[in-house]
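Asker: Okay, here's what each chain looks like letter by letter:
4 protein chains.
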Amino acid sequence: MKHGIRHLFIPGPTNVPERVRRALNVPMEDQRSPDLPALTLPLFRDLKKVFRNEDGRVFMYPSSGTGAWEAAIQNTLARGDKVLMSRFGQFSHLWVDMAIRLGLDVTAIDVEWGAGVPLDDYERVIAADKAHEIRAVFATQNETATGVASDIAGVRKLLDAHSHPAMIFVDGVSSIASIDFRQDEWGVDLAVAGSQKGFMLPAGLSFLSVSEKALAAHRDNRPKMERCYFSFADMLATNDQGYFPYTPPTQFFHGLRVALDMLFEEGLDDVFARHHRLAEGVRRGVAGMGLKLQAVAPRWHSDTVSAIRVPEGVDANAVLKIAYERYETSFGSGLAQLSGKVFRIGHLGDLNAGMCLTALSIAEMALVDAGARIDLGSGVAAAQDYYRDRSGEATGSRVAAA
Amino acid sequence: MKHGIRHLFIPGPTNVPERVRRALNVPMEDQRSPDLPALTLPLFRDLKKVFRNEDGRVFMYPSSGTGAWEAAIQNTLARGDKVLMSRFGQFSHLWVDMAIRLGLDVTAIDVEWGAGVPLDDYERVIAADKAHEIRAVFATQNETATGVASDIAGVRKLLDAHSHPAMIFVDGVSSIASIDFRQDEWGVDLAVAGSQKGFMLPAGLSFLSVSEKALAAHRDNRPKMERCYFSFADMLATNDQGYFPYTPPTQFFHGLRVALDMLFEEGLDDVFARHHRLAEGVRRGVAGMGLKLQAVAPRWHSDTVSAIRVPEGVDANAVLKIAYERYETSFGSGLAQLSGKVFRIGHLGDLNAGMCLTALSIAEMALVDAGARIDLGSGVAAAQDYYRDRSGEATGSRVAAA
Amino acid sequence: MKHGIRHLFIPGPTNVPERVRRALNVPMEDQRSPDLPALTLPLFRDLKKVFRNEDGRVFMYPSSGTGAWEAAIQNTLARGDKVLMSRFGQFSHLWVDMAIRLGLDVTAIDVEWGAGVPLDDYERVIAADKAHEIRAVFATQNETATGVASDIAGVRKLLDAHSHPAMIFVDGVSSIASIDFRQDEWGVDLAVAGSQKGFMLPAGLSFLSVSEKALAAHRDNRPKMERCYFSFADMLATNDQGYFPYTPPTQFFHGLRVALDMLFEEGLDDVFARHHRLAEGVRRGVAGMGLKLQAVAPRWHSDTVSAIRVPEGVDANAVLKIAYERYETSFGSGLAQLSGKVFRIGHLGDLNAGMCLTALSIAEMALVDAGARIDLGSGVAAAQDYYRDRSGEATGSRVAAA
Amino acid sequence: MKHGIRHLFIPGPTNVPERVRRALNVPMEDQRSPDLPALTLPLFRDLKKVFRNEDGRVFMYPSSGTGAWEAAIQNTLARGDKVLMSRFGQFSHLWVDMAIRLGLDVTAIDVEWGAGVPLDDYERVIAADKAHEIRAVFATQNETATGVASDIAGVRKLLDAHSHPAMIFVDGVSSIASIDFRQDEWGVDLAVAGSQKGFMLPAGLSFLSVSEKALAAHRDNRPKMERCYFSFADMLATNDQGYFPYTPPTQFFHGLRVALDMLFEEGLDDVFARHHRLAEGVRRGVAGMGLKLQAVAPRWHSDTVSAIRVPEGVDANAVLKIAYERYETSFGSGLAQLSGKVFRIGHLGDLNAGMCLTALSIAEMALVDAGARIDLGSGVAAAQDYYRDRSGEATGSRVAAA
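Heads up: the sequence lines are chains A, B, C and D, in that order.
Residue numbers for the first sequence follow my numbering, so the first one is -11 and each next one is one higher.
Residue numbers for the second sequence follow my numbering, so the first one is -11 and each next one is one higher.
Residue numbers for the third sequence follow my numbering, so the first one is -11 and each next one is one higher.
Residue numbers for the fourth sequence follow my numbering, so the first one is -11 and each next one is one higher.
A couple of the hints might just be wrong.
Note that the list lumps identical chains together, so a pair holds whenever it fits in one copy or between two copies.
Distance condition first, Cα-Cα at most 25 Å in a straight line; then the derived SDA-like pairs of lysine to any residue [as the list claims (entries may be wrong)]:
id, residue 1, residue 2
1, LYS118, ASN227
2, LYS309, SER21
3, LYS118, GLU42
4, LYS70, GLY91
5, LYS280, SER366
6, LYS118, VAL246
7, LYS(-10), ARG265
8, LYS(-10), ALA225
9, LYS37, TYR231
10, LYS145, GLU254
11, LYS118, GLY359
12, LYS201, PRO15
13, LYS(-10), PHE260
14, LYS(-10), ARG20
15, LYS201, ASP249
These are computed hints drawn from the structure, not numbers from a lab.
Please construct the entire structure, taking both the sequences and the accompanying hints into account.
Answerer: Below, the structure is given as structure tokens:
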């Protein structure tokens, strides 16, 4: 028998806020109803604000983020097109795998798991591509498997430095709406996000934000991959009127409306600041326990997920199993080569300091149960110390002690 | 201001039963949780019962039915493969369009909108294909645009008669779980369904039921289309353990559990009988109003949707608009060449006689408001007469009149 | 197995609108939270608008309407106090019963079930009470058992005509928020309402709207009945700060917020007009079937519920049973002396014309099944004719017929 | 802007489990429906199991627990009846207040706030009452304001020791279904509980469990207080058939069904053991911080709520305010004479160790923010140490450390 809240600290799906849950719980409606555009058109507009994409557009697919990855490729590239990618975790690995399977000619740079997009290596390849044969450069903004965030602006800079016309593809599934992202400013052409992370919705809807340049690439007369479900053209033909080429999951739109309202009510910059603060508290907690992150240096720290190395001799999978079975808590597992070596705390979406402390206090118990020599309370105390100070500053209403 | 129940009589999304709505309203959970297979594995098994597919398997995609159409093609066929199709309504039209866009060599037989799969034409083409170059024959079991149901068993018979090895693809989006379908008995290789019709769920999940023969085709060493999101292989690698190659929308699984329970509690044959009874009442109501169906003969009558011809001089779009604006009711619109000529009543899913009478009574008012010369109550009375008698028989508990 | 919408046509609990259902589905919260008054204080204010009570106040009790009946009596009257009441249906009967059991000295005038508050008899008694011993006159604005509405303004007029100081108590459980009610204008001192009728909420909360005169009576130094749970004083001591003397059901407050918003968005006068229109359609439907109402004359017609006499030789309970078992429909039963003689259609709350037509079409089938000689469709047609015309006028957007 | 879970650690309303929330979210139904008894009759039976009341019965009132207090008195006692009570916190105080206001002749023994029912004093009074004039002895099993649990069996023993026939009234609002209670074994005659505590439902329903002896007292021919809403007789006349004397809040019954299922699935004894374990962890956490409970000795420790003394010079209300505003957390406030001196952590209902650690970690931050000299993490560590060991034992599946 389990009781109480199931504590969910995975890097997505994230906890759906009550407001959003209520909004999702609507009866079905006619997807051709005259009222639908009044719901959907503002969603398209507001999604662009989240991506900071003024000139392009955002597509919504009934699919996981993987579907939006595929949509990005199918609509703008052709089999045999050269692309530059990098692998430094399970999700960047899978994206490379997809690109190969869809027939792209992939140059994939492998990086140790714990660092991110290798700007130097990218620059070397780009500099060498005098003929501009590389049509696209891919970058995973936040590698969910390792808790590593990369420098997307840096990709833009190096392309600009070499006046290289390649498009930039960004996987922002576990970053967008949680970590700063600026599509226009950074010249990102195709940015992928999913409903179940910073957007605080259930899984099942993906977002693809497309620059005007990518739309032009889609329209030009180079052949592209065959496609239908993920076709930009079919979306373009219907989205402007507020409709879809096939039956959309309208319940998600009602939830998305509220999720966007919540993001804007808080303000995107404050959303990012909150994620940073909560993440920093978790990182201090991890340090307080005497543990290390998989991210090899602070510049790679992700504000949405921390992958935590367990001590030598401890099995991270035992930690996960104990947390799940004894403490009603889901942490993220170590994927692929990290299995047994890390467990992950997702700290994104609808979250507060108290929840992060819950995660740390349960992590401590599960670690000790699994044989780690950790002082109970040590991580919690470090995080409390951080959260307490900052919270005091934030509210500006410090209560005078007697 | 609108009040009361929004009457939804479109051929999908259908009304989601309260039990299913409650089941869908769950917190997010870990898609890698050890508990997930206890939920998902029985779903896979039970979906096979609905499709009456013993030897093959069913895939669940986070997508609309259109995605499952694409999955069926990508995983078993290659560009340039010859296929036989037919067009007799908007959805069979769109499937042909997809097949062409994905690069198949399509022989598409056009049929008047109001009839269904042209078995004689199919037989002629199949008989002529002595080299067995046609790799697949496509059939839309229920054309949602015209309210026409086709004879799928007949497709099997003609292939068998000519010992033709082509696979059979069936679009059962608006029929499966509402109208009799027997994958094994009819030798259907790929059958497509969607969550938002007879499965009584919101839109966003599609089902693809695949025969062992189609799985063999997927595995054989002929090249297939590039694919990743809809890949059978990725699903096969994870589904048997109860997991998925990307984040699945677990909330749907909880809803699907209850929807399947409801289908089995009623019994599939009784589900079909109920749909037939409700549909027949609607058809009698249409006849009682003096109107005709788009289906040109009773053998094409669909038990899930009726497309109703409005009288000469009446605009079906006005009927729809009036029903929506004055009577809080969504009927299905006439699509493509039927725009303005028909309106459609969806009568599938979680439905009872009272709801069909609501549809008819509102249709009558909207028709008269739009200028039709219909006797108010005439359709309702004809349907009541049918529903009443049958219900009396069904319960066997006729109350003795004084 | 039952399928589809459970049709609910009882005079309360009524159908809870989707918006309200969503609003009710909140986590529990601290009933002493600093945020609570921001929710509750506007509710108190807005409830007063519904009662049209400017100077007095409204109490909310976690109870059924019966509790608010008791609250009204306990807080303003003492055992042995003389009151004037009338009985013309099950609910006015029960109120008299309560008054007697609580120790009042009741003069109860019996009226045939089908008429309402007997103003002539009341006037006779009041005129004779030269000593002003009668402390309160009770009136049931809408007798739910018989579908009879009474003239509350008339009670005020006769008291004024005789300068009689008695308080007026009104049972408005099945009328307030659906039928015109004007507490200040009519000089009503204590008006009782419940959540589950025109307020479109689940059962469990009652409202008692109290005039300044009744508050003064509560405060004066005549002894009153012992009370605690329903005590005005305890409410007064906490309500002004937005709190309650015991744990309130805060979930109801969130639902009430939305229900009030809906009433005000529509406009109370339009709410009343809609109820009248829907009720009149039902009445025409009843007449179209050749049946009669229990209300003996049009001036007694209730706009929230119609009690329909079944033909001689037909058992109204059989009609109810058939409607429930065969047609998934709840009608109201005949209570006490009306058992077997009437069935009732509740037509209040979140309702539209289509729903009333559903009620009539099912009533016709159930009546015929139970042996009544009714032409199927006859009632529906009469109601359609009424609803259609009025709706056309209302929208002013009659579509031109060809 | 607030984000994430609102942490609710008040001693009721408690966190409603997801299963119960879903069950509560039902459409309204006919309270006279033939299906209702199939829902309600098992509820009555199962409630008796929770109270461990075999021979008597349980009433359900749409009211707060205060209503059930009143029901207990009104139905079995008369004005002027002598009763023995005690006051040692806000709720026992209020019960005495009610008894006085309803006209009982109350002997109320005052006890310091921090201890419970004064058995010695009770015995003295009972021993002196040779004439058996005292008709009832009242005992608050769990004083929610001070976190003090009393010995109810002890009350029975002393009455038996003196062969005194007084009835025993127990306020078990914040204990029953969380702390051991045995109505038959302890000879309790009237036991009051509420939906919003151990029953894990929203506020709005109260339970009154009545012994056969109390029912006999209700039936005997001594006069009782006037009553109607809370009348046993009206309930008795309808409950046996599964119905109610006025419109019941049927949505609660669906929630109660699931709540009872959850209690029985876990097993009542395991429910009590879980509450004890969670409470003990909180108490160790409090001690770990160097703070004291309001309960003056371990024998008074309540397993559902802890009232925690703040250090000298710290304002408990500041702690509450900080927790609420900075940390999205509701703790219980100090009531009446304890205002500013204690804050309370409710640890009852649907709760697990992780949630208790959340409470402690936030309490620590709020205390330090408010000026207390507490080592951050000190309470959490003490509780973790306790929860960890016990959990290991409980599962018997200690993972071997490397």
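Asker: Hint by hint, which ones does the structure fall short of?
Answerer: 1, 3, 6, 8, 10, 11, 12 and 15
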